[in-house]
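Visitor: Letter by letter, the sequence shown follows residues 1 to 157 in this note's numbering.
Some hints could be false.
Result set (DSS-like, lysine-lysine): computed pairs, CA atoms no more than 30 Å apart in a straight line [stated by the list, open to error]:
| # | residue 1 | residue 2 |
| --- | --- | --- |
| 1 | Lys80 | Lys24 |
| 2 | Lys105 | Lys80 |
| 3 | Lys36 | Lys139 |
| 4 | Lys83 | Lys105 |
| 5 | Lys80 | Lys114 |
| 6 | Lys83 | Lys36 |
| 7 | Lys114 | Lys142 |
| 8 | Lys105 | Lys142 |
| 9 | Lys105 | Lys139 |
| 10 | Lys119 | Lys139 |
| 11 | Lys114 | Lys145 |
| 12 | Lys36 | Lys114 |
| 13 | Lys109 | Lys36 |
| 14 | Lys80 | Lys36 |
| 15 | Lys139 | Lys109 |
| 16 | Lys139 | Lys114 |
| 17 | Lys119 | Lys142 |
| 18 | Lys145 | Lys105 |
| 19 | Lys36 | Lys105 |
| 20 | Lys24 | Lys105 |
| 21 | Lys145 | Lys119 |
The calculated label-pair distances, taken between Cβ atoms and stated as ranges, are [said to hold, decoys possible]:
| # | residue 1 | residue 2 | range |
| --- | --- | --- | --- |
| 22 | Gly59 | His37 | 17 to 27 Å |
| 23 | Thr58 | Asp23 | 13 to 23 Å |
| 24 | Gly127 | Asn91 | 17 to 27 Å |
| 25 | Gly127 | Gly59 | 24 to 34 Å |
| 26 | Val44 | Tyr21 | 19 to 29 Å |
| 27 | Gln60 | Val34 | 40 to 50 Å |
| 28 | Asp112 | Ser153 | 16 to 26 Å |
| 29 | Ile57 | Asp23 | 15 to 25 Å |
| 30 | Val34 | Phe95 | 34 to 44 Å |
| 31 | His28 | Pro61 | 18 to 28 Å |
Think of the hints as simulated: they come from the structure by calculation, not from any bench.
Remember, predicted model here, so these are calculated numbers, not experimental data.
Glycine is no exception: its CB is placed at the ideal position from the N, C-alpha and C atoms.
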Amino acid sequence: MPRTKEESEGLSLLGNKKTEYSDKYAPHLLETFVNKHTDNDYMVTFRCPEFTSLCPITGQPDFAEIVINYIPDERMVESKSLKLYLFSFRNSGDFHEDCVNIIMKDLVKLMDPKYLEVKGIFSPRGGISIYPFANYGRKGTKYEKIAGERLFSSLER
1 MPRTKEESEG LSLLGNKKTE YSDKYAPHLL ETFVNKHTDN DYMVTFRCPE
51 FTSLCPITGQ PDFAEIVINY IPDERMVESK SLKLYLFSFR NSGDFHEDCV
101 NIIMKDLVKL MDPKYLEVKG IFSPRGGISI YPFANYGRKG TKYEKIAGER
151 LFSSLER
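Construct the entire structure; sequences and hints are all you get.
Guide: As structure tokens, then:
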């Protein structure tokens, strides 16, 4: 639990309340808190091994592990809000590549991180697996160059 009022400001999903899950894509669920370590770069990783969405054509479920890595600046995403946001894709009809790009863009808009990447490790359907990767590096900084390097190094994995 946050130790000060400032640390808990803007966080509405934590606590003893009953959790409600959205049945529609819900970027408004995302919440942030202040990064207390802006004096140094560090990576935060989230793994969501139970991500689901729907094929926009067939309506069949798609299953994936979503991996998010980011270097925060002033704001950080609160993990429960991220979990609820990712769960909101469950009934959303989007292609794998769309899901990964939407998640990346929503998180960039929310936090304005120095660097962020999202990888989707989708389970095979029809005999083929798809692993989309999208990333962002703040323009005009060293993170923009890192994003370009990471984008092409992701092809080797």
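Visitor: Does each hint hold? Answer for all of them.
Guide: Here's how the hints hold up against the structure:
no. : hint                          : result
1   : Lys80 <-> Lys24               : holds, 17 Å
2   : Lys105 <-> Lys80              : holds, 19 Å
3   : Lys36 <-> Lys139              : holds, 23 Å
4   : Lys83 <-> Lys105              : holds, 16 Å
5   : Lys80 <-> Lys114              : holds, 22 Å
6   : Lys83 <-> Lys36               : holds, 22 Å
7   : Lys114 <-> Lys142             : holds, 9 Å
8   : Lys105 <-> Lys142             : holds, 19 Å
9   : Lys105 <-> Lys139             : holds, 14 Å
10  : Lys119 <-> Lys139             : holds, 21 Å
11  : Lys114 <-> Lys145             : holds, 11 Å
12  : Lys36 <-> Lys114              : holds, 15 Å
13  : Lys109 <-> Lys36              : holds, 20 Å
14  : Lys80 <-> Lys36               : holds, 19 Å
15  : Lys139 <-> Lys109             : holds, 14 Å
16  : Lys139 <-> Lys114             : holds, 9 Å
17  : Lys119 <-> Lys142             : holds, 21 Å
18  : Lys145 <-> Lys105             : holds, 18 Å
19  : Lys36 <-> Lys105              : holds, 24 Å
20  : Lys24 <-> Lys105              : holds, 18 Å
21  : Lys145 <-> Lys119             : holds, 19 Å
22  : Gly59 <-> His37: 17 to 27 Å   : violated, 44 Å
23  : Thr58 <-> Asp23: 13 to 23 Å   : holds, 19 Å
24  : Gly127 <-> Asn91: 17 to 27 Å  : holds, 25 Å
25  : Gly127 <-> Gly59: 24 to 34 Å  : violated, 20 Å
26  : Val44 <-> Tyr21: 19 to 29 Å   : holds, 24 Å
27  : Gln60 <-> Val34: 40 to 50 Å   : holds, 41 Å
28  : Asp112 <-> Ser153: 16 to 26 Å : holds, 24 Å
29  : Ile57 <-> Asp23: 15 to 25 Å   : holds, 20 Å
30  : Val34 <-> Phe95: 34 to 44 Å   : holds, 35 Å
31  : His28 <-> Pro61: 18 to 28 Å   : holds, 24 Å
Comparing the model with each earlier hint shows violations of hints 22 and 25; every other hint is respected.
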